[in-house]
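Sequences and hints are given; from them, build the entire structure.
To convert, take the position in the sequence shown, counting from 1, and add 83; that gives my numbering.
Just to be clear, a hint being listed does not mean it is correct.
[To be verified] Here are the computed distance ranges between Cβ atoms for each label pair:
# : residue 1 : residue 2 : range
1 : L90       : V124      : 41 to 49 Å
2 : G87       : Q155      : 18 to 26 Å
3 : M117      : F147      : 15 to 23 Å
4 : R94       : A123      : 36 to 44 Å
5 : P169      : T131      : 53 to 61 Å
6 : T131      : N166      : 43 to 51 Å
7 : V145      : S119      : 20 to 28 Å
8 : M105      : M138      : 13 to 21 Å
9 : Q155      : I135      : 25 to 33 Å
Hint data in this document are derived by calculation from the structure and do not stem from the laboratory.
None of these values were measured; they are calculated from a predicted model.
Ideal Cβ placement from N, Cα and C applies to all residues, glycine included.
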Amino acid sequence: MSQGEVLELARQAMLVGLQAAMPVLLAALIVGLMVSVFQAVTQIQEMTLQFIPKMIAVGLVVLFAGGWMLTQVVEFTVRVFTNLPPR
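Right, here's the structure in full:
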């Protein structure tokens, strides 16, 4: 494999990783912002208040989008191993 092919493969791997992680990261971000706004409005300054809603949101996203995320990673892995040159 040439250096360009390796760099392209690394770029694709980073994009697939970002694509697979994005639903979980977005859910945690949105729930974190909502809880922070709630804390600011009610003046509750408890740091541990954010963990439970975030864990529930991440769990639900993994439950509903986990199959899609796994499919993306597996398809990329199969594509990489299929396109490897024989030795």
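Here is how each hint holds up against the structure:
At roughly 48 Å, the beta carbons of L90 and V124 sit within the given window of 41 to 49 Å. Roughly 24 Å separates the CB atoms of G87 and Q155, a value that falls within the hinted 18 to 26 Å. Between M117 and F147 the beta carbons are some 19 Å apart, a value that agrees with the proposed interval 15 to 23 Å. A hinted range of 36 to 44 Å holds for the C-beta pair R94 and A123, which are about 40 Å apart.
Between P169 and T131, the C-beta spacing of about 55 Å keeps the proposed range 53 to 61 Å intact. Distance hint for T131 and N166: a CB-CB separation of about 47 Å, consistent with the stated range 43 to 51 Å. The hinted window of 20 to 28 Å between V145 and S119 holds, with their beta carbons roughly 22 Å apart. M105 and M138 have their C-beta atoms about 18 Å apart, which keeps the hinted 13 to 21 Å range intact.
In this structure the hint that Q155 and I135 lie 25 to 33 Å apart at CB holds, the actual value being about 28 Å.
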